[in-house]
Amino acid sequence: MLDIKKLVKVCSARKFGSQDIIFKEGDPGSEMFIILYGSVRVLITSSNGNKLEIAMLKAGDIFGEMSLLGDLNRSATVQALTETMTVAVNESNFESVICQEPSLALRIMKSLSERIRKQNTELAKYKDQLLP
31 MLDIKKLVKV CSARKFGSQD IIFKEGDPGS EMFIILYGSV RVLITSSNGN
81 KLEIAMLKAG DIFGEMSLLG DLNRSATVQA LTETMTVAVN ESNFESVICQ
131 EPSLALRIMK SLSERIRKQN TELAKYKDQL LP
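Just so we're aligned, residue 31 is where the sequence shown starts under this note's numbering, counting upward by one.
Treat each hint with caution, since some may be false.
The calculated DSS-like cross-link candidates involving lysine-lysine, where the alpha carbons are at most 27 Å apart (straight line), are [claimed, not checked]: (1) Lys155 - Lys81; (2) Lys39 - Lys140; (3) Lys155 - Lys140; (4) Lys140 - Lys54; (5) Lys39 - Lys88; (6) Lys81 - Lys35; (7) Lys88 - Lys148; (8) Lys88 - Lys36; (9) Lys45 - Lys140; (10) Lys81 - Lys45; (11) Lys81 - Lys148; (12) Lys140 - Lys157; (13) Lys36 - Lys140; (14) Lys148 - Lys54; (15) Lys88 - Lys140; (16) Lys81 - Lys54; (17) Lys54 - Lys88; (18) Lys88 - Lys45; (19) Lys45 - Lys35; (20) Lys81 - Lys157; (21) Lys157 - Lys35.
Computed Cβ-Cβ distance ranges for the label pairs, DEER-style [what the hints assert, rightly or not]: (22) Lys81 - Gln159: 33 to 39 Å; (23) Lys36 - Asp158: 44 to 50 Å; (24) Tyr156 - Ser60: 29 to 35 Å; (25) Gly56 - Arg147: 23 to 29 Å; (26) Pro132 - Ile74: 29 to 35 Å; (27) Asp50 - Gln159: 32 to 38 Å; (28) Glu125 - Lys155: 18 to 24 Å; (29) Lys36 - Lys148: 26 to 32 Å.
Since the hints were made in silico from the structure, they are not lab data.
Every residue, glycine too, gets a C-beta built ideally from N, C-alpha and C.
Can you build the whole structure from these sequences, using the hints too?
Given below as structure tokens:
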């Protein structure tokens, strides 16, 4: 289990109001977030420009880790659905946080693995529809 008090000492707590945009798809990213309370939705832009909700996240969930780990722009927009409190882990404190809280590294890996599994399932559905 994560020691949130320890994390807040080395990271920054960030509070977002209902409907606040936390970050936008395409923005540069240098931090990931752990939700302490509240909920957010994750949106991507489809090829025709529509916003598609691909996930809803709640307390204990992690988001934004792909930009932090891969030095990439944000792959999605994240919007608070309710008042949401997060802990923001940035590039400069990420390594020390992982050393202090190895369970966070495991959570990140599990989160990424879960997302890949979901995407593979979705791709398999469409593969049958697209390929003869």
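Right, here's what the structure says about each hint:
| no. | hint | result |
| --- | --- | --- |
| 1 | Lys155 - Lys81 | holds, 21 Å |
| 2 | Lys39 - Lys140 | holds, 25 Å |
| 3 | Lys155 - Lys140 | holds, 23 Å |
| 4 | Lys140 - Lys54 | holds, 24 Å |
| 5 | Lys39 - Lys88 | holds, 22 Å |
| 6 | Lys81 - Lys35 | violated, 36 Å |
| 7 | Lys88 - Lys148 | holds, 18 Å |
| 8 | Lys88 - Lys36 | holds, 21 Å |
| 9 | Lys45 - Lys140 | holds, 25 Å |
| 10 | Lys81 - Lys45 | holds, 24 Å |
| 11 | Lys81 - Lys148 | holds, 19 Å |
| 12 | Lys140 - Lys157 | holds, 25 Å |
| 13 | Lys36 - Lys140 | holds, 22 Å |
| 14 | Lys148 - Lys54 | holds, 22 Å |
| 15 | Lys88 - Lys140 | holds, 16 Å |
| 16 | Lys81 - Lys54 | holds, 12 Å |
| 17 | Lys54 - Lys88 | holds, 19 Å |
| 18 | Lys88 - Lys45 | holds, 14 Å |
| 19 | Lys45 - Lys35 | holds, 16 Å |
| 20 | Lys81 - Lys157 | holds, 22 Å |
| 21 | Lys157 - Lys35 | violated, 46 Å |
| 22 | Lys81 - Gln159: 33 to 39 Å | violated, 23 Å |
| 23 | Lys36 - Asp158: 44 to 50 Å | holds, 48 Å |
| 24 | Tyr156 - Ser60: 29 to 35 Å | holds, 33 Å |
| 25 | Gly56 - Arg147: 23 to 29 Å | holds, 25 Å |
| 26 | Pro132 - Ile74: 29 to 35 Å | holds, 31 Å |
| 27 | Asp50 - Gln159: 32 to 38 Å | holds, 37 Å |
| 28 | Glu125 - Lys155: 18 to 24 Å | violated, 38 Å |
| 29 | Lys36 - Lys148: 26 to 32 Å | holds, 31 Å |
Hint compliance for this structure: hints 6, 21, 22, 28 are not met, and every other hint is.
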